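Visitor: Taken in order, these protein sequences are the chains called A and B.
First residue of the first sequence? That's 1 in our numbering, and the numbers climb one at a time after it.
First residue of the second sequence? That's 1 in our numbering, and the numbers climb one at a time after it.
Among the clues, some could well be false.
Selected chain B positions facing chain A (in silico; Cβ < 10 Å) [unchecked claim]:
| id | residue |
| --- | --- |
| 1 | Cys42 |
| 2 | Leu57 |
| 3 | Asp60 |
| 4 | Phe108 |
Which chain A residues face chain B? A few, computed with CB under 8 Å, are given here [claimed, not checked]:
| id | residue |
| --- | --- |
| 5 | Phe17 |
| 6 | Val29 |
| 7 | Pro30 |
| 8 | Pro32 |
| 9 | Gly35 |
| 10 | Lys51 |
| 11 | Ser54 |
| 12 | Gly125 |
| 13 | Ile129 |
| 14 | Asp130 |
| 15 | Gly132 |
| 16 | Gly135 |
None of these hints come from the bench; they were simulated from the model.
Keep in mind the model is a prediction, meaning the values are calculated, not measured.
Don't be surprised by glycine CBs; every beta carbon is placed ideally from N, CA and C.
As a plain string of letters, each chain reads:
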Amino acid sequence: MKRFLLPFAIFVVVVGFLAVGLTLNPREVPSPLVGRPAPAFTLPQLHEQDKTFSPAEMIGQVWLLNVWASWCGGCKEEHPVLMRMAKAGEVPIYGMDYKDRRDEALTWLRRHGNPYPLIAVDEAGRIGIDYGVYGVPETYVIDKQGVIRYKQIGPLDDELVAKTILPLVQELRNK
Amino acid sequence: MRWLALILLLMPALATAEEAKPLAENPVAEARLKQLAVELRCLVCQNQTLADSNAPLAEDLRREVREMIAKNMSDQEIIDFLVQRYGDFVLYRPQWNASTTLLWVGPFLLLIGGAITLVTALRRRGQAVEDATVTDEEHRRVEQLLSQGERRS
């Protein structure tokens, strides 16, 4: 009986590691951008094409940058959450329409509602690369100095917003 | 003379910037892109390299790498550019650092552990065989069985 003890202990440890491994999400790759200044860009706006948007305009405010597209399924899932956040008005959510067609993006917003005060258009996906975007939707929390403090890969949900995003926004505001 | 001046003035119009050319037109750049792309991970389909993947992001990243090659950036500069944006995960071959030490060293540790276990087990078994005592009763039984075997053959 005693000689089975060691193999059994090893078995339990391996099962433990595998069990933890199963609960991790391989899509959540830690972003090297957290803690670094948000990459600068100047992009045309979705609604007023002749105007541009640049994150430099947001210095002094805590804000969210939400990368989305009309072709993205996760964005539809996330959208009601953004709509509720916009209605509550706790933090401004700026949109970045990623690799999308303008007309399709506008139709999508008319159908589902528009939570963004302003949307920048990254048609070629180049700014997306600067932000390390690889799975829309992605959301960045950017502080008053323009530093990225948090990155969410994949859709936001109510729990994440209440437990992580909003407390972080509050904390960054008080700094 | 006036005509010459006019022609000279129009010359810059011919020197407009162009989009990155498709790779087939530049075999040297193509070879470099291929060589780099197998070292880089496509983040959408995570177990494929940038060279294998047809995901739109992989296409964009290949375009980006192609443009960096055209700008004469070194392999290291190109890799740094991607690591700055996507982290070490973009490297298909994990780097040696604090969090990957176990990954690199682990198999060798397991091998050494296995070898040690094997050697001790064999030594212990060797001793056990030497120490085995055979009683007279057992000895007789062995003789009997062996002689039976002889008869059968």
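Visitor: Using the nearest Cβ pair, does Pro30/A come within less than 8 Å of chain B?
Guide: holds, 6 Å
Visitor: Is the interface hint for Gly125/A satisfied, with its Cβ closer than 8 Å to some Cβ of chain B?
Guide: holds, 5 Å
Visitor: Please check whether Gly35/A passes as an interface residue: C-beta within 8 Å of a C-beta belonging to chain B.
Guide: violated, 12 Å
Visitor: May I ask you to test the interface hint for Ser54/A with respect to chain B, counting a Cβ-Cβ separation under 8 Å as satisfied?
Guide: Cβ of Ser54/A sits 19 Å from chain B, so the hint is violated.
Visitor: Quick check on Cys42/B please, does its C-beta sit within 10 Å of some C-beta on chain A?
Guide: This interface hint holds because 9 Å falls under the 10 Å limit.
Visitor: With chain B as the partner, please determine if Gly132/A meets the hint condition of a C-beta pair closer than 8 Å.
Guide: holds, 4 Å
Visitor: Interface hint check: Asp130/A, Cβ to nearest Cβ on chain B, cutoff 8 Å. Holds or violated?
Guide: Constraint on Asp130/A satisfied, holds at 6 Å.
Visitor: With 8 Å as the cut and Cβ atoms as the points, is Ile129/A at the interface with chain B?
Guide: Check passed: Cβ of Ile129/A comes within 6 Å of chain B, closer than 8 Å.
Visitor: Holds or violated: is the Cβ of Asp60/B closer than 10 Å to a Cβ in chain A?
Guide: Check passed: Cβ of Asp60/B comes within 5 Å of chain A, closer than 10 Å.
Visitor: Against chain B, with CB atoms and a cut of 8 Å, does the hint on Pro32/A hold up?
Guide: Interface hint status for Pro32/A: holds (4 Å vs cutoff 8 Å).
Visitor: When the nearest CB of chain B is found for Val29/A, is that gap smaller than 8 Å?
Guide: holds, 5 Å
Visitor: Using the nearest Cβ pair, does Leu57/B come within less than 10 Å of chain A?
Guide: Check passed: Cβ of Leu57/B comes within 5 Å of chain A, closer than 10 Å.
In this structure, the earlier hints numbered 4, 5, 9, 10 and 11 are contradicted, and the remaining ones agree with it.
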